[in-house]
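Participant: Protein chains in written order, with my numbering: chain A, 1 to 111; chain B, 112 to 224.
Calculated directly from the structure, the hints in this document are not laboratory data. Bear in mind the structure is a predicted one, so any value in this text is a computation, not a measurement. Just to be clear, a hint being listed does not mean it is correct.
What the hints assert, rightly or not - According to the in silico footprint, chain B covers these stretches of chain A (three or more CB under 8 Å from chain B):
1) 16–22
2) 43–55
Stated by the list, open to error - Simulated crosslink set (SDA-like; lysine to any residue; CA at most 25 Å straight-line):
3) B:K152 with A:L11
4) A:K1 with A:R72
5) B:K151 with A:G60
6) B:K147 with A:Q2
7) B:K155 with A:G16
8) A:K42 with A:K1
9) A:K1 with B:N161
10) B:K152 with A:P40
11) B:K152 with B:P172
12) B:K163 with B:L138
Where a beta carbon is used, it is the ideal one built from N, C-alpha and C, also for glycine.
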Amino acid sequence: KQEVTQIPAALSVPEGENLVLNCSFTDSAIYNLQWFRQDPGKGLTSLLLIQSSQREQTSGRLNASLDKSSGRSTLYIAASQPGDSATYLCAVDGANSKLTFGKGITLSVRP
Amino acid sequence: DTAVSQTPKYLVTQMGNDKSIKCEQNLGHDTMYWYKQDSKKFLKIMFSYNNKELIINETVPNRFSPKSPDKAHLNLHINSLELGDSAVYFCASSRQQGVAEAFFGQGTRLTVV
Numbered sequence: 001k002q003e004v005t006q007i008p009a010a011l012s013v014p015e016g017e018n019l020v021l022n023c024s025f026t027d028s029a030i031y032n033l034q035w036f037r038q039d040p041g042k043g044l045t046s047l048l049l050i051q052s053s054q055r056e057q058t059s060g061r062l063n064a065s066l067d068k069s070s071g072r073s074t075l076y077i078a079a080s081q082p083g084d085s086a087t088y089l090c091a092v093d094g095a096n097s098k099l100t101f102g103k104g105i106t107l108s109v110r111p
Numbered sequence: 112d113t114a115v116s117q118t119p120k121y122l123v124t125q126m127g128n129d130k131s132i133k134c135e136q137n138l139g140h141d142t143m144y145w146y147k148q149d150s151k152k153f154l155k156i157m158f159s160y161n162n163k164e165l166i167i168n169e170t171v172p173n174r175f176s177p178k179s180p181d182k183a184h185l186n187l188h189i190n191s192l193e194l195g196d197s198a199v200y201f202c203a204s205s206r207q208q209g210v211a212e213a214f215f216g217q218g219t220r221l222t223v224v
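Whenever a hint applies, use it, and build me the whole structure from the sequences.
Facilitator: Below, the structure written as structure tokens:
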């Protein structure tokens, strides 16, 4: 059974800091890994999708990496801004073609 | 130009009632899903449909019945609502199972009183 872990559950950083959010998963038989952002009371916004054959994906200030063999992914946010404050969710799409989510990391970027 | 839309956004109802949540996607995707986000914000899949056929039913009580009249719609009907059904329900879609990005609706906050 796939399990996805995101630690820590919450993170508070000053504006401008570069930061790394971690995600680990137990079953390396995945099709892809997706990072989402969720603002309070809102839906999920897809940030980056990494196929199992890829090592990383970049979008603007965001860079996500995937190491399938070790069951890890990181989301790197460069030059963080208060508008980046949200919950970041990692999800893996596995053999059953369903997304298994971590519990998320709630990020607060202080001005 | 909403990609995945759900209605209603909020739903407050009494225990024992039957309610439906509607979902529509205008992305031309083949696969649609229902996810439940509990009070601890943990997201878990409930159902997956591919081309109107049920693919995944993740140990959900049979009071929950999804219905897909066509590829663009996946509705969720809930019978005999219980307090524990209170949660946010998200609909999602993807172009193809397993390889494509999933897009989520804004969620339906269901409160059972």
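Participant: For each hint, tell me whether it holds in the structure or not.
Facilitator: Here's how the hints hold up against the structure:
| no. | hint | result |
| --- | --- | --- |
| 1 | 16–22 | violated (count 0) |
| 2 | 43–55 | holds (count 6) |
| 3 | B:K152 with A:L11 | 16 Å, holds |
| 4 | A:K1 with A:R72 | 16 Å, holds |
| 5 | B:K151 with A:G60 | 30 Å, violated |
| 6 | B:K147 with A:Q2 | 17 Å, holds |
| 7 | B:K155 with A:G16 | 33 Å, violated |
| 8 | A:K42 with A:K1 | 28 Å, violated |
| 9 | A:K1 with B:N161 | 22 Å, holds |
| 10 | B:K152 with A:P40 | 10 Å, holds |
| 11 | B:K152 with B:P172 | 20 Å, holds |
| 12 | B:K163 with B:L138 | 15 Å, holds |
Hints 1, 5, 7 and 8 from the earlier list are contradicted by this structure; the remaining hints agree with it.
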